[in-house]
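Student: Each chain, letter by letter, is given below.
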Amino acid sequence: MRSERFTPTSIHVRRRGAIFHRSLYIILLAAATLAISAASAAAHTVNATATCESVTFDWALFSSSGNGNGGLNTPAWTIVFKPTSGSTTTLQGIASFAGSTSSLTVATPGDDGVVTASSSWSSAETRDGNSNSGSTTLIIADCPAAIITPAAPAVRPAPTTVAPTVASLHPVETANVPVTLALSTAGSPRATLGGTIRDTAVLSGGSSPTGTITFALYSASDATCSTVLHEATVAVGGDGSYLSPPVMPTSTGSYQWVASYGGDANNQSVSGSCNDPTERSAVTAALCVRSPAALRGVPETVRNSLSAYVPAAGVKSVTFYLDSRRLVTLTKPSHQRFSIEIDARTLSYGIHRLSAKVTMLSSSCATEAMGSFIRIKPDSLSPTFAG
Amino acid sequence: MWRLDIHVTRLLPVGLAIGALALGPGVDAAGASSASRPPTSQTGLEGVALAAGSTISLSNGRTISRWAHANTATVVRRSASERAPAVGRLHFLTEDGQAEVYMALRETRVAQTGAVWIDVSLPQRPNGVTGWVPASALGPLHVVGGRLVVSRSRLRATLYNQAGNVVWSARVGIGRPSLPTPAGHFYVREKLRAIGSPVYGPYAIATSAYASPKLSEWPGGGIIGIHGTNQPQLIPGDPSHGCVRMRNGDITRLWHMIAIGTPVDIT
Chain A
1 MRSERFTPTS IHVRRRGAIF HRSLYIILLA AATLAISAAS AAAHTVNATA TCESVTFDWA
61 LFSSSGNGNG GLNTPAWTIV FKPTSGSTTT LQGIASFAGS TSSLTVATPG DDGVVTASSS
121 WSSAETRDGN SNSGSTTLII ADCPAAIITP AAPAVRPAPT TVAPTVASLH PVETANVPVT
181 LALSTAGSPR ATLGGTIRDT AVLSGGSSPT GTITFALYSA SDATCSTVLH EATVAVGGDG
241 SYLSPPVMPT STGSYQWVAS YGGDANNQSV SGSCNDPTER SAVTAALCVR SPAALRGVPE
301 TVRNSLSAYV PAAGVKSVTF YLDSRRLVTL TKPSHQRFSI EIDARTLSYG IHRLSAKVTM
361 LSSSCATEAM GSFIRIKPDS LSPTFAG
Chain B
1 MWRLDIHVTR LLPVGLAIGA LALGPGVDAA GASSASRPPT SQTGLEGVAL AAGSTISLSN
61 GRTISRWAHA NTATVVRRSA SERAPAVGRL HFLTEDGQAE VYMALRETRV AQTGAVWIDV
121 SLPQRPNGVT GWVPASALGP LHVVGGRLVV SRSRLRATLY NQAGNVVWSA RVGIGRPSLP
181 TPAGHFYVRE KLRAIGSPVY GPYAIATSAY ASPKLSEWPG GGIIGIHGTN QPQLIPGDPS
241 HGCVRMRNGD ITRLWHMIAI GTPVDIT
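Chains as they are written, first to last, in our numbering: chain A, 1 to 387; chain B, 1 to 267.
Treat the hints with care, as some may be off.
Here are the simulated distance ranges between beta carbons [as the list claims (entries may be wrong)]:
#	chain 1	residue 1	chain 2	residue 2	range
1	B	89	A	347	18 to 28 Å
2	B	196	A	347	47 to 57 Å
3	A	331	B	252	27 to 37 Å
4	A	368	B	198	25 to 35 Å
5	A	250	B	78	34 to 44 Å
Looking from chain B toward chain A, a few residues come up when the C-beta cut is under 8 Å (computed) [unchecked claim]:
#	residue
6	93
7	194
8	196
9	197
10	223
11	240
12	255
13	265
FYI, nobody ran anything at the bench for these hints, they're computed from the structure.
Even for Gly, the Cβ is constructed at its ideal location relative to N, Cα and C.
Just chain B, same shape as in the assembly (with noise of 0.2 Å):
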């Protein structure tokens, strides 16, 4: 079991290596007292101010991603300009009343004025869009490594460690045709536990991406979700639609493994 979830201060370096970091039980960032979180300075990250005109990347997906809940409800822009034009704005609860997650991807200091803009990725419809906000519209950012690939052909989802190391594997379920399971790059946002319907097992992790075609009879049109079943009969196969289902054994697992913002790729 795994899990590391870190409160990295907002003056970043340009250096992001975080290689030495050791794995660890780590606190979940959902109810999680900042005075628990492990101080910044055994993450790695301080150093050298991010310089006028430069960017830096805050998350490769792979071994290393940031995440920062929202702090104010600020227009999300397409470039790291007031005056550029919105693309979103940030929330700070998810559809199910949890603290939304921005997954950071970039930081730049803007050479005219000074300002840090961080690009994130929004958790909206459609996948993969992403932009701009300045620094202070976020809380500290967390850092997780590792990731889940969703194979579709594979029918299975595989856990990586921060070191590029299979921690965890199972076969899952996905949608069916008419509403597959989107592919593209996402992270967790949230971690529930099921509770009022047998369909989600014990527990289950709600990801950045959107059904596609939209779901009307869900909010925000569906989100995809990966979590238990009570038709496990059904597994591995194409059932759902558009979650990624597994076997409640699976999903219990997994969810005491995973950390909210880790990176959710599904191919």
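Here chain A stands alone, though its shape is the one from the complex (with noise of 0.2 Å):
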């Protein structure tokens, strides 16, 4: 009985003169020259479609013996295109070798991303039959290579020799499916403390991209988006707009956002940038109601010391200044008043400013009330009149 192991063969691969020695299992390489068109779009889109061009090059010698259990005729392939570099795009057909001629076409993918593959293969294998799988690659500068693995062919070559032959990749075009990734910030660019804000990301172009989409909120000022302060994914099902789920930010200030595609089998990931003007969403302080509350019992004269107050109602807590120079916070309020009592006898004679910021128990903004008073001398001293 024939051995089912598939034995080394040499292979030789000529790709515009050159030989190329390779050592295998029972692996049949294709090889194209691609010229790769990469097409970069506008911010949010990303593009990418590659190209391989005709090449010719010579079926490696390969030979192999044992006791397979049938011909080579139609075995069933999965072919692989891998960029040289960058993110992996996966192209997966089958390849068919069968008839007498020794050529491999890889047809244009369709929309689906799925690339069939099929070629003819005539001679002879000579094969030991006892390998079923194994993989190779052979890199081309700036194209993608072509991973061909043989897929447990149902029907074993029969154990014959191969004769060398030449193989003519007919012009292959293989293309990253596209995904254009718009974001743009959705509802209100601007949201108050205490409200929402959210991002928008609109899938175009994709080959019914799933996966997900990755929301995430960056401080304005963080130049590298190094520091996350909230992320979130939504799945995706198909080209369309996706919204992030509301994010309720703790403080005032300018956000951005940044989102990103994760990509899938047929859709390349992509990601919009840090500090994009049209990602930022600005939070300000909540618009405050104008309250009563008010800062009574500033006198407008003061000689030795005065008292002043806030009613309390409504109101959350008090903070007094003087003359911008913060005195007391006050949060239980006595008598149904948040009240201060001044010594004002260390105080320049002139005119000074009491101020008071009220934080209103409806909500955290704060109201700012005012009074001014002048301290003035004792009114009992010799005067300066003329007499």
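Got two chains here, each in a separate frame; can you build the complex from them with the hints?
Tutor: This is the structure we're talking about:
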């Protein structure tokens, strides 16, 4: 009985006159010179198209021996194209080797990204029939590499010797299915504290994209988008517009979004950019409704001391300032008032400003009430009159 | 005894009728709490806002007068415009460290800008200078009724209430011929309890008038005051450096009756 093991075979691949030597286990190499035409669109859009030009190469001297249990007439192959750098793009198809020719044709991928590769193979092949899998990669500069992996052919090749032959790879176009990712802020690019902000990512031109979109929120001052403040992912189900979950910032400021599509088998991953001005969301302090809170009791003139107060109704806390100098913050009213007593004897004669920053119970915003007084000398003195 | 001192909001009406106001003890401006003042609704002065381009009188010097302390050290202009020449600057304090008082004469709302300006009488040399400041440069307006008239020819001072009735009168001493008491329309700037010098008696009232000619030995050139004396025998007469002297009993009564801002007409 013949052995099921494929023996290593020497293969000579000549590309444009060059001869390459490879060792492989029952692998047929197909290579193509590829010219990559990459189109980089505007922001949010990433397109990449790879086109393999025609190339003629020598099929390897391929021989094996053994007791294969069938002829190499209709093996099934998986062809994988990979860019020499960057993201992986997988195009899968079936290579059929049959007939008397030795050409390999890889068809242009369809919209679904699947390439059907076929080939005719007439020469007898010597193989030991023991191996049923393996792969190798031939890298050609600036071109995708073709990886052809036998996929357990149902019919084993006959234990014959493969004669050297030449295969011609027909013009092949492989296209990494373009995905255009558009990102824009949705709803209000501005929000008040306590409100929410969110982002919108628009996927278009994809090949039934699946996977997820990640929405990351950063401070607008994070020039490298290194510190994620909030992150959420949403599932992708085809082209369309995807909203991030709403985010409620806890502090005012300017924020920026970066949305990223993770890609799938048929669609490249793509990401928005940091510092994109269209991805800013400004969060400002909540608008304060004018409250009746006021600074009361501030006299116009003061000699030794003064007292002032803010009525406590609806007030959460009060911070008093004298001439912009913080005096005290009161959080508990007394007798329905937030009151302050000031010893004015150390103050200079003249105008002084007393203010109260009032935080209301109903909101986190604060209002400011202000009053001024003139510190004057005692009225018991020797006048400077003409007399 | 009467005194009227009412806190008025900046939003002034065209009408100035205050005849219904009752005279009462009132509250001194100095040291008085704004919370203790009568609410503005009691002044009868609320109502129509000042129309753009119009000017209203704030003080007539007889039945009603308005005054305010300075809120900012603003330049006083010859007319209601930031580009008008300066005639002075608001001050917070008098020479005696009391809150400076400015008599508010008129109020106008500039047609082009809508800004409200107030024409004030300036307590400075020379006497009688007036000028305009933005309304925001002044504190709340206070209202006072009546006036004090000092007759140099009769050597008598007379206090009239808002209705024009005499409520107090006394013989006085005035400035000697070389240092005459200046004539003009002035007002009360401060009320002091005179200590340290018996020449002023127990009480002294500062006016917005200054001695003329200038008295170099007094701050500001000599404030014309109204005060008591330790030489009552010289009253009535013209013994002073320009101040109005009166017997100590008279100044005591007047001091308790007259309010800050009360017009003082020296004839």
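Student: Next step is simple, just say for each hint if it's right about the structure.
Tutor: Against the structure, the hints come out as follows:
Between residue 89/B and residue 347/A the CB atoms are about 22 Å apart, so this pair conforms to the stated range of 18 to 28 Å. Look at residue 196/B against residue 347/A: about 24 Å separates their beta carbons, and that is not inside 47 to 57 Å. At about 50 Å, the CB distance of residue 331/A to residue 252/B disagrees with the hint of 27 to 37 Å. For residue 368/A and residue 198/B, the Cβ-Cβ distance of about 50 Å falls outside the hinted range of 25 to 35 Å, so the restraint is violated.
Separated by about 55 Å at the C-beta atoms, residue 250/A and residue 78/B break the suggested range of 34 to 44 Å. Residue-level restraint check for residue 93/B holds (minimum Cβ-Cβ distance to chain A is 6 Å; threshold 8 Å). Annotation: interface hint on residue 194/B holds; nearest CB of chain A at approximately 6 Å, less than 8 Å. The criterion of a C-beta within 8 Å of any C-beta in chain A is met by residue 196/B, whose closest approach is roughly 4 Å, and the hint holds.
Because the beta carbon of residue 197/B sits about 5 Å from the nearest beta carbon in chain A, less than 8 Å, this interface hint is met. A distance limit of 8 Å between C-beta atoms decides the matter here; for residue 223/B the minimum to chain A is near 5 Å, and the interface restraint holds. Below 8 Å, beta-carbon pairs count as interface contacts, and residue 240/B has one with chain A at about 6 Å; its hint therefore holds. At its closest, the beta carbon of residue 255/B sits 11 Å from a beta carbon of chain A; the interface hint therefore is violated under the 8 Å criterion.
Taking 8 Å as the C-beta contact cut-off toward chain A, the hint placing residue 265/B at the interface is violated, the least distance being around 18 Å.
Going down the numbered hints, you'll see the structure goes against 2, 3, 4, 5, 12 and 13, while the others check out.
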